[in-house]
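Undergrad: Sequence:
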Amino acid sequence: MVEYNAQSIETLSFRDAIRSRVAMYMGSADNMGVLQCLREIITNSIDEATMGFGKRITVDLYQGNRVRIGDEGRGCPFGKRDDGTEALEAIYTMAHSGAKFNDKIFQNVAGMNGIGGKGVALSADEFCVVSYRDGQYAKLELRDGIKTNFEQGAQTMGDKKRTGTVVEFVPSQEVYNLEPIKINFEEVKKMCRDWSYLSKGISFILTDHNTGESVTYLSKNGMLDFMKENADKALHKTPLHISLAENGVEAEIVMEWTNSRSENWHVFTNGLENSEGGTSLTGIKTALTNFFKKKLKGEGSPDVLRKGLFYAVSCKVPNPSFANQTKTKINNPELRGLCQRATTQMLEEFEYRHGDEFQKILELLTKELKAEQAAERARKQVLEAVKDVEKNQKKKVFASDKLKDAEFLGENSTLLIAEGDSALGGLAQGRDYTRYGIMAIRGKIINALSNPDEKVYENEEIKLLLSAMNIIPGKYDAKKLRYGKLAICTDADSDGYHIGLLIMAALAHIAPQFIREGRLCWLRSPLYIVTSGKTESYFFTDEEFNAAKGKIKGEVKRNKGLGALKPHQAKRSMFDPEYQRLDVMEYEESAMDLLYSLMGEDVAPRREFIMENVDFTEIRE
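Each residue of the sequence shown is one higher than the last, beginning at 37 in our numbering.
Bear in mind the hints are in silico, worked out from the structure with no lab data behind them.
A few of these clues could be false.
Restraint ranges, calculated between C-beta atoms of paired labels, are given here [said to hold, decoys possible]:
| no. | residue 1 | residue 2 | range |
| --- | --- | --- | --- |
| 1 | Ala53 | Arg179 | 13 to 21 Å |
| 2 | Glu39 | Met130 | 32 to 40 Å |
| 3 | Thr247 | Thr184 | 25 to 33 Å |
| 4 | Asp619 | Lys183 | 56 to 64 Å |
| 5 | Lys256 | Gly171 | 31 to 39 Å |
| 6 | Thr184 | Ser279 | 45 to 53 Å |
| 7 | Lys183 | Thr47 | 14 to 22 Å |
| 8 | Ser56 | Ser296 | 42 to 50 Å |
| 9 | Gln465 | Ser296 | 42 to 50 Å |
Idealized CB from N, CA, C, for every residue including glycine.
Let the sequences and hints guide you as you build the complete structure.
TA: Pasting the structure below:
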């Protein structure tokens, strides 16, 4: 055992503290931490531009993860301080040094604790900063966080009027060691694109010298442009927008209800995104709840009132108080009241000026409230159904003749969804009953994407499916699932695919997390069975069969469906690891968007898809 005594107490230099525990200062010791380095330097440039010094910020990426960021600001001060140290060296290497502690010099800026730029400088393999001001320049160079060069002199004739700061650095793989460093240009683009919305009139010029790609972001409408870029299709014509300032604190808010199924918010303070929200977000939510509860006579939960709502707030505060170094949450108490008052005023003005559109929003919220009530009834029904299933399971009887449970339930078990009674025979006998349950779909599964929630949750097939899996609407919990996976095993025809899509649509609507976790699968049945003597071969698609057609010897039978499979055929083709085709349905946003387009309430996208993808010349009577 290592002895713990007075000699165990170490004192680290500021440099060594950053390099050995970089996650404390930059948020993480991986690519996210490297991206935070870019944020810290770029926000310094934004602070200058926001105060009216410069209109252009450049970001250049080079080979070997080298980054260069430049601005047209005042330039960092340089020269000797009273204690004899160089000002530029103090700015980038000494803890808690800088001018941003003085709000008479810097106002409404992101960096206030004197750490960010130093974290970048001291954690890099190479770091260089050049400051231009008053016809002079100063250059500071570091290697591994240690000064290697400092120079100062007069600018050349061509640069005589130049002002600003240029920072160039190479993040250290030794310091950011949790994964190989790779600066993603797409992430940098998104970051700067969002900043352009928060900094109207400021150009962000990005160039990836590895690929030659270059892009410029310049926003004229600020937060309205941000909403247009990031929100789903709006359900009303006029966006909600307000700017309000009180006692030197400013808040700009944009808002609109969309066709999305979820709430989507963004919080910014002094140009930085606060991914965890904070007091400004609390103020907006409070205002929304209070305002609409009055309009809807106190009904509805706050979450339902914000369903499908996109909103974003950008605040400017002289002295921001963040919850941590990475500034993911804003804590200033004055922002709560300001944003609450601004939101209330915005909603009142919208109701007054755009009464017809406001009524549409009220109708939408009323519909969502009814859906919530229906969902609550469904939750109670499903809970009771689950209790019945589990109670009868202990008695070795089944709550429904449609459901035959596996002997052992849990994460390693799978529930098979079969199409009608005809499919049950072969599957029920061919399955490993210890870990495969089976459920027959006999009635019509409702389209969950084109019907109101109250109808969806009243559908008997949906209720049985949810109870068999123990999926509680609005309260999904993977740890409480009766089966780890759900496998669709319908016939390989249009009816079978339709049933599968309806099941997929229901789960995408009720419990999208289930699909995201890779729990929804498609268990394929053989389309062709080739018999040669006592040997059977299975082919699951036309493509497979056609590719092997020339080599096939024996009797070919096109399978008519699951009901036509003999028990031994089902057991071998669908459950033997050598043949089993259990395809996991991946949750991809593009695929889900297509699913909602083709099966949702809006007919236009469905019509457009058919016109673009169906060859009507091949359709015969």
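Undergrad: Run every hint past the structure and note whether it holds.
TA: Against the structure, the hints come out as follows:
no., hint, verdict
1, Ala53 <-> Arg179: 13 to 21 Å, "holds (18 Å)"
2, Glu39 <-> Met130: 32 to 40 Å, "holds (35 Å)"
3, Thr247 <-> Thr184: 25 to 33 Å, "holds (31 Å)"
4, Asp619 <-> Lys183: 56 to 64 Å, "holds (59 Å)"
5, Lys256 <-> Gly171: 31 to 39 Å, "holds (34 Å)"
6, Thr184 <-> Ser279: 45 to 53 Å, "holds (47 Å)"
7, Lys183 <-> Thr47: 14 to 22 Å, "holds (21 Å)"
8, Ser56 <-> Ser296: 42 to 50 Å, "holds (44 Å)"
9, Gln465 <-> Ser296: 42 to 50 Å, "holds (45 Å)"
In the structure shown, no violation is registered for any of the earlier numbered hints.
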